[in-house]
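Asker: Chains as they are written, first to last, in the numbering used here: chain Z, 1 to 116; chain P, 1 to 116.
Just so you know, these hints were derived from the structure itself, not from any lab. Remember, predicted model here, so these are calculated numbers, not experimental data. Keep in mind that a hint or two might mislead.
Okay, derived cross-link-like pairs now, DSS-like style, lysine-lysine, Cα gap no bigger than 25 Å in a straight line [claimed, not checked]:
id : chain 1 : residue 1 : chain 2 : residue 2
1  : Z       : Lys-41    : P       : Lys-70
2  : P       : Lys-67    : P       : Lys-42
3  : P       : Lys-70    : P       : Lys-56
4  : P       : Lys-108   : P       : Lys-42
5  : P       : Lys-56    : P       : Lys-67
6  : Z       : Lys-40    : P       : Lys-108
7  : P       : Lys-70    : P       : Lys-108
8  : Z       : Lys-41    : P       : Lys-108
9  : Z       : Lys-22    : Z       : Lys-41
10 : Z       : Lys-40    : P       : Lys-70
11 : P       : Lys-42    : Z       : Lys-41
12 : P       : Lys-42    : Z       : Lys-40
13 : Z       : Lys-22    : P       : Lys-42
14 : P       : Lys-56    : P       : Lys-108
15 : P       : Lys-42    : Z       : Lys-19
Here are some chain P residues the structure puts well away from chain Z; computed CB gaps all over 12 Å [claimed, not checked]:
id : residue
16 : Val-4
17 : Gln-6
18 : Ser-12
19 : Gln-38
20 : Glu-45
21 : Ser-53
22 : Gly-54
23 : Ser-73
24 : Arg-77
25 : Ser-92
26 : Gly-96
27 : Thr-105
28 : Gln-115
Positions of the beta carbon are idealized from the N, C-alpha and C atoms, including for glycine.
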Amino acid sequence: ETGVTQTPRHLVMGMTNKKSLKCEQHLGHNAMYWYKQSAKKPLELMFVYSLEERVENNSVPSRFSPECPNSSHLFLHLHTLQPEDSALYLCASSQEGSSTRTDTQYFGPGTRLTVL
Amino acid sequence: QKEVEQDPGPLSVPEGAIVSLNCTYSNSAFQYFMWYRQYSRKGPELLMYTYSSGNKEDGRFTAQVDKSSKYISLFIRDSQPSDSATYLCAMSAPLGLRGGADGLTFGKGTHLIIQP
């Protein structure tokens, strides 16, 4: 596998379900991100993990919970979602550091989530 | 005023034409400027990355940044049907993390159609 992979690629869930999205990066990067892409809206940054620090977008509801067990893996745990949470969820990674800072983020293919 | 403004299109041009895509922004803290290309049902793919004002060329693509006017452009020469996609401008600003990771703010994307 190369680049950034995401599973599942498609997910349909009811409002009472609990599911998790998985992201894995094979680029040796040290920062990972979750973005939400809704129709007719810009990509929205949800969470960032960088060198074990986490940044959250304060507008993201608590029904979304991220987990980053190591620099290669990122999860987004979902519970009691609403139909308006239906969107494409994109994972990205980048290499950050004083000598290697590039600010370029590489994206996975996304998980298309539908909440019924 | 939105942080990043981008005309969603669609923009339809004949094959071989020069395409001009643009974004304006309001946040002076943005430091890095990127263009991503996104095909249907795929994640965004990094096309161009610039830091300073001026032009940067890569094959048929030229990225232009004017920080004084807060305006960025992407030009595509000799456009091909395979260039048909959504083009997203993105801008980065520091999140204040030790590792230096930035958050990206995206435009809505311009849907480009190259007619054979």
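Asker: Work down the list of hints and note, for each, if the structure agrees.
Answerer: Against the structure, the hints:
no., hint, result
1, Z:Lys-41 <-> P:Lys-70, "holds (21 Å)"
2, P:Lys-67 <-> P:Lys-42, "violated (31 Å)"
3, P:Lys-70 <-> P:Lys-56, "holds (17 Å)"
4, P:Lys-108 <-> P:Lys-42, "holds (16 Å)"
5, P:Lys-56 <-> P:Lys-67, "holds (14 Å)"
6, Z:Lys-40 <-> P:Lys-108, "holds (7 Å)"
7, P:Lys-70 <-> P:Lys-108, "holds (17 Å)"
8, Z:Lys-41 <-> P:Lys-108, "holds (6 Å)"
9, Z:Lys-22 <-> Z:Lys-41, "holds (23 Å)"
10, Z:Lys-40 <-> P:Lys-70, "holds (23 Å)"
11, P:Lys-42 <-> Z:Lys-41, "holds (16 Å)"
12, P:Lys-42 <-> Z:Lys-40, "holds (16 Å)"
13, Z:Lys-22 <-> P:Lys-42, "holds (16 Å)"
14, P:Lys-56 <-> P:Lys-108, "holds (23 Å)"
15, P:Lys-42 <-> Z:Lys-19, "holds (22 Å)"
16, Val-4, "violated (7 Å)"
17, Gln-6, "violated (8 Å)"
18, Ser-12, "holds (19 Å)"
19, Gln-38, "violated (9 Å)"
20, Glu-45, "violated (7 Å)"
21, Ser-53, "holds (16 Å)"
22, Gly-54, "holds (17 Å)"
23, Ser-73, "holds (18 Å)"
24, Arg-77, "holds (23 Å)"
25, Ser-92, "violated (5 Å)"
26, Gly-96, "violated (8 Å)"
27, Thr-105, "violated (7 Å)"
28, Gln-115, "holds (24 Å)"
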